[in-house]
Amino acid sequence: MATQTKPQSATDRSTAFKWSMVIDLDRCTGCEACVVACQSENNVPINEESAFIEGRAFEWIRLERYWEGEWPDIKARFIPVLCQHCENAPCEPVCPVYATYHNNEGLNVQVYNRCVGTRYCGANCPYHARQFNFWEPVWPEDLRHQLNPDVTVRTRGVMEKCSMCIQRIRRATRSKTPSDIPDGAFNPACVQACPTSAMTFGNLNNPESKVSKLQNDERRYHMFEHLGTAPTTLYLKQVDTHGA
Amino acid sequence: MNNNTLIKVMVPAIGLSVALVVAVVGYFVLQSWWSSPPAVLGFGDGPTQPIAFPHTTHVTDAGIDCQFCHRKVTTDEAATIPAVAQCLFCHDFGKIDGTKSTSDTAAAELAKLFDDSGEPQPVNWIRVHRVPDHVQFVHAPHIQNGVSCTTCHGDVASMQVVEQVRNLKMRDCVDCHRDNNAPTDCATCHY
Amino acid sequence: MGLTRRQFLKWAGVTGVGAVVFNGCRVPDHEIQVQSPVELPEDLVTGRDNYYATVAQVGSGSEGLLVRVMEGRAKKVEGNPDYPLNTGKHHIRSEAMLQATYHPDRIKSPMVRIAKGGPFRAIGWPDALERLTKILGDADPANVLLATGPVRGKLADVTKLFAKDYGAQALGFDPIDQHVLRTAIKNIYDQDVLPDFDIAHADFIMSFGADFLGTWIDPTHYMRGYGEFRQGEDRAERGHLVHVDSRFSVTAAAADEWKYVNPGTEGLLALSMAHTIVTEKLGDAGAARALTGGADNHLSSFSADKVASQIGMSADAITNLAHKFAGTRGRALAIGGGSAGAHTNGVFNLTAIYALNYLVGSVNVPGGVIFNPAGDQSQITGAPIRDWKAALDAMRSGDIKVLLVRDANVVHGLSKQLKVTEALDKLDTIVSFSSFLDETTARADLILPGHTPFEEWGTDTPDVGPGYRTVAFQQPVINRFRDTMAFGDVLIRTASELGHAMPWESMRDAVRAAARDLHSTNRGSVTQPTFEEFWKRSLERGGWWDQGDTVSGTPTPPVLPRAAVKAQIAGDAKVFPLHLVPFEGHAIGTGQYAHLPWAQAVPDPITTVVWTTWVELNPKTAESLNVKQDDVVTLESATGDFISVPVYVNPATPPDVASVPIGQGHEQFTTYAAGRGSNVLDILAQAEDSDTGSLAWASTRVRLTKTNVRVGLPKLEGIEEPRQLPGEPVIVVFRPGEEDDSHS
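Protein chains in written order, with this note's numbering: chain A, 1 to 244; chain B, 1001 to 1191; chain C, 2001 to 2744.
The set of hints was computed from the structure by calculation and includes no laboratory data.
Given the structure is predicted, the values throughout are model-derived calculations rather than measurements.
There's no promise every hint is true.
Some but not every residue of chain B turned toward chain A, in silico, with C-beta under 7 Å [claimed, not checked]: (1) H1134; (2) F1137; (3) P1141; (4) H1142; (5) D1185; (6) A1187; (7) H1190; (8) Y1191.
Covered by chain C, per the in silico footprint, the following chain B stretches (three or more residues, Cβ under 8 Å) [claimed, not checked]: (9) 1009 to 1015; (10) 1066 to 1079; (11) 1153 to 1162.
Ideal Cβ positions, reconstructed from N, Cα and C, are used throughout, including at glycine.
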């Protein structure tokens, strides 16, 4: 039922859009403009110091850093990790209340008002892309003025994760056909902020879109390809110069 | 009447009336839960607004289009409620002859727009239609896809006091979406 | 909604009990109210958002922004795609500016201190302005110091004019000022404003100490170029980046090669490369002649074998770098700054570094250094520490009696060794115009809180422009959120009260005057027949720029020095074995953004540490000192000052280096900043660059002592165990034509 959801009244939207993101690690410098842009757009709670110590910091997109080698021949690699919106998502079949499912636009969706907080999905996500609200997220009264009215403020006891800025997708595609929406006409907050343009977002069902063309890039790879999760998020490998 | 008869009559009577009360309350609660409460005891009535604004007069009598006041309904999330300044387009007694606003009731209601010093004041309307939490309802695509205002809001044109005619629960929305081949993906409304 | 609260209560009230039971379930009043405002301008329509263009000064950077505003509240910051510097992208700090506006600890109204050392009392603006006029009217202008953070554009004009007409001294403050860079650029290129670097079109970049992808000058602008430098669609081949630095920064992480040199020898390395290029005739012959004054042996004291040991690189490695730099097919570019200029020989270092661009013909050409027209630029830059030491002396001697301060947090930004608080206590009056109660403002007698950048008028003439004339317009995207007044407006009003009225009535008026000048040029990105139309269009676009207004020509290179200027490092290497390399906080800067929760909570990219200060140590160094991650250690410099910080074991830290971020250690400055970490500026030896008097902040040695305290270092790393398969995100390529000469 919910594992391979194709809502019954699939309209032409099911073939119109398939949203995807491509992240070029060779352009990424690890500046984290994406991280803060996402927090601002999606009402992600403020991570107090204690959140990091308890291991409960919220970042829908986070920047992971890996070391390679030892001083002086050492490299740091950055990789922004967000929900990969897997075609074959491990989080979806384990949800007992169908609060997470794959929609007909290629997105892995989390429905907050369905979620009962079993956290099975979070445990099953190999990318650790999901975060659980152990506490009611609080903002000081004044800072609530900044909250985005287009995005639900989550409550205690629900799981949340990257939605690919679905509020922006909805707004941009509302009552429109794909041909009305030029490639790159709108972007999720992270892609929009990325200073090196390492991130690209677009419609895979449009063969002319930038993301479609990048699917054949020689540097492409999916994170944990061997797990068979079939992510729609594609990474392009970093390039190392020989002898450097 | 001896004690026996009393017991024979009273016990079933009490039992029946308790059952009846439970049934009525139960019906009431469940009906409210699943749909909207039965239109008794004033439950179906619209709220009393700070200013008695008669839609009948404006829509039916004056023939004003919905979009004249609810301006953003075709393009935006919210239909939007007009500013007081917009009332004064027509109701500015100083400038317009005000043939439609000279009745005593109208004058009394309009007077509520102004404070003692004659400055117009904001109006805090009471919301009539409120979708459940966690729903991102957007007017524009409904109007753009040919859904008429009356489909959800009823015949506002003939309402003296605006009231809610549909329960606007999720089943209501989803049924309509199914019938009209509109998307039923959860993330259409929930995000 | 079936049951409204009113209906339910109406009915439930009949039963009495119902009212009690259901009252707890009621929907808050504000959720069932919809307000019809009196006036409804198009941009305030309920439930509708609008985007306004403005500009934010992010450190030395200039970012054109579009702010999403809904019902009078700023919701989201986005880059302005039209603005030439950041072209649609933005920095963490621009986004975090939203939190400055809606900060819970923002000063809510003007305040006055009832008695010296007593509490503050809120007052109204008329009273506050009157008090300010009285203070300035009573004081001798010669005894007044007007201290601001770095200010640019029209506000700089207003501030300078105010100081000049009134007769006060104006002094800019920035814990890390850029005077060394400015002086070097003046020396070598004869330019009064900083040039742009055309990173996008360069093919080989050699960066010395300048963390241009992290915190240096205008990172967003440089990152725009960097993306293209790596994978630009119209590039023939991927650019190659070599970064020379004493700390492993974000730029070092992005670099193809990271070279560690002994701190302070960056200039020596550049001159040694120049020596190789000149003697082997690899570069531009004309430039080589000019730089050496025609003498073949001019640079002979810098030959690779003579200086290799001083630099800490092998002679081969130096000549190899020189070969690569000069032998680049396409354009090679040298950039220097940051820690390379933060030594007592800073100007020498940077001058030598920027001279390299002459040898490869990269001066004022695409893919190289591109000069900016000086035309509109007006700014108050952070003054060198030498000037600040003099100002503090003047405070102590009574030559300065009144301090006017705006976003110049000298108590935090100047070392404790300079005894700033003691000097401030000697003053008669301190008036602050800051929006937050930072350490300096907390000592004020009168506070006239200023607007945040989203609430005020201004212009920005970028410190580093895009290579052509650019003026950005800053407009209020929201009405003031608190009872504040723009600093510029306060100055304009006070000036007229004091009897020397400025040519403008308000900041808006001043901005309009600037726009009038631009309109009259009748060229550039916005041209309109009428001024009002021009005004509207240029505000919509976020500014005005003229791609035709550039600087042409290449100056004649000056003659390079024959002898090296050595960096003086404070502290005996035997007693103080570790070289202290401070670095600017990734998001919180030198501390001016420490009050913003987003800036505090965004992990440092290299260490992933948040909310605190730490010291980075090489694993081997840590082992030899018997300290582990999370151990608290004290760092002590030769001045005898010390700080206690937890250890982060960083495999990329050179063995004899201890790196500590600047920016924390606030005593005040809102709940988000107060009492976090330590201020590394306090232990720096207060050495100066010999030419400019700027703080040589990378020239201190320290020793490290273990304490018995351990803390849990708050960091992102470890929250999710690393999941990346080693090596997966990398492919190794040969640079075309490089297969043969690859040595390592």
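Checklist entry - Hint by hint, which ones does the structure fall short of? => result Numbers 2, 4, 9 and 11, in rising order.
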